[in-house]
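Visitor: Order-wise, the sequence lines are chains B and G.
Residue numbers for the first sequence, in our numbering: 1 to 262.
Residue numbers for the second sequence, in our numbering: 1 to 323.
These are computed hints drawn from the structure, not numbers from a lab.
Some hints could be false.
Once the Cα atoms are required to be at most 27 Å apart in a straight line, the calculated BS3-like pairs of lysine-lysine come out as [what the hints assert, rightly or not]:
id: 1; chain 1: B; residue 1: Lys161; chain 2: G; residue 2: Lys11
id: 2; chain 1: B; residue 1: Lys254; chain 2: G; residue 2: Lys322
id: 3; chain 1: G; residue 1: Lys11; chain 2: B; residue 2: Lys146
id: 4; chain 1: B; residue 1: Lys107; chain 2: B; residue 2: Lys205
id: 5; chain 1: B; residue 1: Lys203; chain 2: B; residue 2: Lys107
id: 6; chain 1: B; residue 1: Lys146; chain 2: G; residue 2: Lys214
id: 7; chain 1: B; residue 1: Lys233; chain 2: B; residue 2: Lys24
id: 8; chain 1: G; residue 1: Lys289; chain 2: B; residue 2: Lys254
id: 9; chain 1: B; residue 1: Lys233; chain 2: G; residue 2: Lys261
id: 10; chain 1: B; residue 1: Lys50; chain 2: B; residue 2: Lys190
id: 11; chain 1: B; residue 1: Lys50; chain 2: B; residue 2: Lys201
id: 12; chain 1: G; residue 1: Lys53; chain 2: G; residue 2: Lys11
id: 13; chain 1: B; residue 1: Lys161; chain 2: B; residue 2: Lys107
id: 14; chain 1: G; residue 1: Lys289; chain 2: B; residue 2: Lys233
id: 15; chain 1: B; residue 1: Lys107; chain 2: B; residue 2: Lys50
id: 16; chain 1: G; residue 1: Lys320; chain 2: B; residue 2: Lys254
id: 17; chain 1: G; residue 1: Lys49; chain 2: G; residue 2: Lys11
id: 18; chain 1: B; residue 1: Lys107; chain 2: B; residue 2: Lys146
id: 19; chain 1: B; residue 1: Lys161; chain 2: B; residue 2: Lys146
id: 20; chain 1: G; residue 1: Lys214; chain 2: B; residue 2: Lys190
id: 21; chain 1: G; residue 1: Lys261; chain 2: B; residue 2: Lys254
id: 22; chain 1: G; residue 1: Lys49; chain 2: G; residue 2: Lys86
id: 23; chain 1: G; residue 1: Lys86; chain 2: G; residue 2: Lys53
Everything numeric in this text was worked out from a predicted model, so none of it was measured.
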Amino acid sequence: MKIIVAIKQVPERDARIRIDATGKWIDLNDVEFTLNESDAYALEEALLLKEAHGGEVIVISAGPERVGQTIREALAKGADRAIHIESDDLAQYDALGVARLLAAAIKDEAADLILTGLQSDDLGLGQTGVIVAELLGVPHASLILKIEATGNGVATGNGLKVLRELEDGWFQHIELPMPAVLTIQSGNTKLRYATLMGIKKAKTKEVKRIAASELGITPAPVVTLHQVTLPNKQRTTQILSGTPAEAAAALVEKLQFEVRVL
Amino acid sequence: MSSVLVILESKNGEISRISWEALAAAHTLAAGLGLPLDAALIGLASVDKITGKPPRTLFTVDHALLRDYTADGFTEAYTQLIQHLKPAYVVLPHTYQVRDFAPALATRFNEVLISDVIGLTPSTPSPIFVRQLLQGKLNASYQHTSDGPCFLSVQAGAFRADASDAAPAAIESFRPNLEPAQIRTQPSQPFRASAQTVDLSTAAILVSVGRGIKEQANLPIVEELAAALGAELAASRPICDNGWLPMERQVGSSGQTVAPKVYLAIGISGAIQHLVGMKGSQCIVAINKDENAPIFEVADYGIVGDLFEIVPALTAAIRKAKP
Numbered sequence: 001m002k003i004i005v006a007i008k009q010v011p012e013r014d015a016r017i018r019i020d021a022t023g024k025w026i027d028l029n030d031v032e033f034t035l036n037e038s039d040a041y042a043l044e045e046a047l048l049l050k051e052a053h054g055g056e057v058i059v060i061s062a063g064p065e066r067v068g069q070t071i072r073e074a075l076a077k078g079a080d081r082a083i084h085i086e087s088d089d090l091a092q093y094d095a096l097g098v099a100r101l102l103a104a105a106i107k108d109e110a111a112d113l114i115l116t117g118l119q120s121d122d123l124g125l126g127q128t129g130v131i132v133a134e135l136l137g138v139p140h141a142s143l144i145l146k147i148e149a150t151g152n153g154v155a156t157g158n159g160l161k162v163l164r165e166l167e168d169g170w171f172q173h174i175e176l177p178m179p180a181v182l183t184i185q186s187g188n189t190k191l192r193y194a195t196l197m198g199i200k201k202a203k204t205k206e207v208k209r210i211a212a213s214e215l216g217i218t219p220a221p222v223v224t225l226h227q228v229t230l231p232n233k234q235r236t237t238q239i240l241s242g243t244p245a246e247a248a249a250a251l252v253e254k255l256q257f258e259v260r261v262l
Numbered sequence: 001m002s003s004v005l006v007i008l009e010s011k012n013g014e015i016s017r018i019s020w021e022a023l024a025a026a027h028t029l030a031a032g033l034g035l036p037l038d039a040a041l042i043g044l045a046s047v048d049k050i051t052g053k054p055p056r057t058l059f060t061v062d063h064a065l066l067r068d069y070t071a072d073g074f075t076e077a078y079t080q081l082i083q084h085l086k087p088a089y090v091v092l093p094h095t096y097q098v099r100d101f102a103p104a105l106a107t108r109f110n111e112v113l114i115s116d117v118i119g120l121t122p123s124t125p126s127p128i129f130v131r132q133l134l135q136g137k138l139n140a141s142y143q144h145t146s147d148g149p150c151f152l153s154v155q156a157g158a159f160r161a162d163a164s165d166a167a168p169a170a171i172e173s174f175r176p177n178l179e180p181a182q183i184r185t186q187p188s189q190p191f192r193a194s195a196q197t198v199d200l201s202t203a204a205i206l207v208s209v210g211r212g213i214k215e216q217a218n219l220p221i222v223e224e225l226a227a228a229l230g231a232e233l234a235a236s237r238p239i240c241d242n243g244w245l246p247m248e249r250q251v252g253s254s255g256q257t258v259a260p261k262v263y264l265a266i267g268i269s270g271a272i273q274h275l276v277g278m279k280g281s282q283c284i285v286a287i288n289k290d291e292n293a294p295i296f297e298v299a300d301y302g303i304v305g306d307l308f309e310i311v312p313a314l315t316a317a318i319r320k321a322k323p
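From just these sequences and the hints, can you work out the full model?
Guide: In structure tokens form, the structure reads like this:
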């Protein structure tokens, strides 16, 4: 089975948030980057499928040079090769533009399955996978926790049976033919770490670099980010300060005399 | 004349609460832009009652191939309705179902869904839509710049559904042309994984733990706090994903929705998926080392600092205070 996993490099969760001079994003100096969490689960699902059924796992990512580091991590975990769509100004593209870049770069690979995370931890648009499916003309299923069966066991023939998460603790099975796009929800499996051997091997694996401009997709956004701001507080938070013991005592007093729960 | 179209969602014959919130948001947008508002609905929901101000027309979209939700069926049916009505704006509730088909629907029109909207200003010529970035640490305003329909989904709890019931709207049925071959996925009946044995919604006090606890071996410090308070233990998604606590203790959009008297959020940053599950709590206490964590935006009381120092101190102080 040939599986493509679209991954994204995002700022670390505890990155310092300072709005940059453009007022449209955060200052990236001193920011550490990491593999987007639900994409890590998508990669894990792909590697498990490969272990069970054989085949190839290809990771694809768009972004500037630093994205190469996250691609190497994915290769070190076990992906076979990678495609890096190089762009220093990805922010000029909206969700449709980025999906068009990805779709253009993976179209000729004729993969059986395309996986990606449910949403990114930075922009959180939650739609790249669904748009890529639409652009490639293949079916999709989103919020997938588990790929339960492939191939003959499935009524649709050359297909998949997947477990989809619904709201409020409900689930559903979906069958769909391949090729297909799945967006993966976190939590079904344990993520693996790269082994020392994997890290060593990753250095020799192929990373195909394509400049975004070579793909013939112009940014042409229909939705543009106007400005970012720090959020307004919805409630007036009383910050209880002092040493841990002082803050704890102050909170207990509030719980006793203001909230009246103790 | 152009219009605003709001797409409502029905589940088990009921229109969901967040659909009424989307209707309220769509009314705000339509009124600000001086546009009429229509609504649409797939499914067999009872439509004799509209919560809030009614739309001009409610389009009931019906076809045998739409009885079970599929992304393909809903995308195609709503594509045809939008081609028929030509609205300037399409407003949807940000549910799991909507996020499954709405991006494909927008793509059919060479448009992009502005997802998870928490605020809107209907300024002309182009309204401003606010959504969150970086797990709620930033707000971002977006504008739509093309001539095609603008698609947006609204986050749960961001807009207040109008309370009063109103007269039924004009109802018109719309039958899309669908072929079985267009539906490529086969959904099975939804199910619940296991009987829920913990009902967090009835607890008066919840001690809820998040990523900040770092590892499972550290859980006893929050368990002791919960015991001292007589509280139930709850968690944010990553804790349950890791298997440190069972899924049934998860609070948030994929877990339980709670509204206790006091909610103590410990080491929880407060991403929107968590906030929608707990922000109805009467009193929210947040303990977090990051003073910019979004949880402090909804908290009544906050302690900024290391939970490994503060939680044991709090447990000790509670034991001392309790008779």
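Visitor: Are the hints correct? Go through all of them and say.
Guide: Consistency of the hints with the structure:
1. For the given pair, lysine 161 of chain B sits about 24 Å from lysine 11 of chain G by alpha-carbon distance, which is consistent with the 27 Å threshold.
2. Distance check on the hinted pair: lysine 254 of chain B and lysine 322 of chain G sit about 14 Å apart at the alpha-carbon level, within 27 Å; holds.
3. At most 27 Å may separate the alpha-carbon atoms for a hinted pair to count; lysine 11 of chain G and lysine 146 of chain B meet this at roughly 24 Å.
4. Straight-line distance between C-alpha atoms of lysine 107 of chain B and lysine 205 of chain B comes to about 21 Å, which keeps the hinted pair within the 27 Å bound.
5. About 26 Å separates the Cα atoms of lysine 203 of chain B and lysine 107 of chain B, which keeps this hinted pair within 27 Å; it holds.
6. At roughly 25 Å between alpha-carbon atoms, lysine 146 of chain B and lysine 214 of chain G fall within 27 Å of each other, so this suggested pair holds.
7. A distance of roughly 20 Å separates the Cα atoms of lysine 233 of chain B and lysine 24 of chain B; the hinted pair therefore holds under the 27 Å criterion.
8. The hinted pair formed by lysine 289 of chain G and lysine 254 of chain B meets the criterion: a straight-line CA distance of about 21 Å does not exceed 27 Å.
9. A threshold of 27 Å between alpha carbons decides the hint, and for lysine 233 of chain B with lysine 261 of chain G the separation of about 21 Å falls inside it, so the pair holds.
10. Using a Cα cut-off of 27 Å, the hinted pair lysine 50 of chain B and lysine 190 of chain B holds, with the two alpha carbons roughly 16 Å apart.
11. Taken as a hint, the lysine 50 of chain B and lysine 201 of chain B pair is honoured in the structure, with Cα atoms around 17 Å apart against an allowance of 27 Å.
12. Between lysine 53 of chain G and lysine 11 of chain G, the direct Cα distance comes to roughly 21 Å. Compliance with the 27 Å bound is thereby established for this hinted pair.
13. Between lysine 161 of chain B and lysine 107 of chain B the alpha-carbon distance is near 23 Å, which keeps this suggested pair within the 27 Å criterion.
14. Between lysine 289 of chain G and lysine 233 of chain B the CA atoms are separated by roughly 18 Å; this keeps the pair inside 27 Å, and the hint holds.
15. Among the hinted pairs, lysine 107 of chain B with lysine 50 of chain B is consistent with the structure: their alpha-carbon atoms are about 21 Å apart, no more than 27 Å.
16. Taking the CA atoms of lysine 320 of chain G and lysine 254 of chain B, the gap is near 15 Å; set against the 27 Å cutoff, the hint holds.
17. Restraint check: the Cα-Cα separation between lysine 49 of chain G and lysine 11 of chain G comes to about 15 Å, which is no more than 27 Å; the hinted pair holds.
18. Taking the CA atoms of lysine 107 of chain B and lysine 146 of chain B, the gap is near 25 Å; set against the 27 Å cutoff, the hint holds.
19. Pair hint lysine 161 of chain B plus lysine 146 of chain B holds up; C-alpha atoms about 9 Å apart against a cutoff of 27 Å.
20. Annotation: proposed proximity of lysine 214 of chain G to lysine 190 of chain B holds, straight-line Cα distance about 16 Å (limit 27 Å).
21. For the proposed pair lysine 261 of chain G and lysine 254 of chain B, the alpha carbon gap of about 13 Å is at most 27 Å, so the pair holds.
22. Distance check on the hinted pair: lysine 49 of chain G and lysine 86 of chain G sit about 26 Å apart at the alpha-carbon level, within 27 Å; holds.
23. The hinted pair formed by lysine 86 of chain G and lysine 53 of chain G meets the criterion: a straight-line CA distance of about 22 Å does not exceed 27 Å.
Of the numbered hints given earlier, the model fails none.
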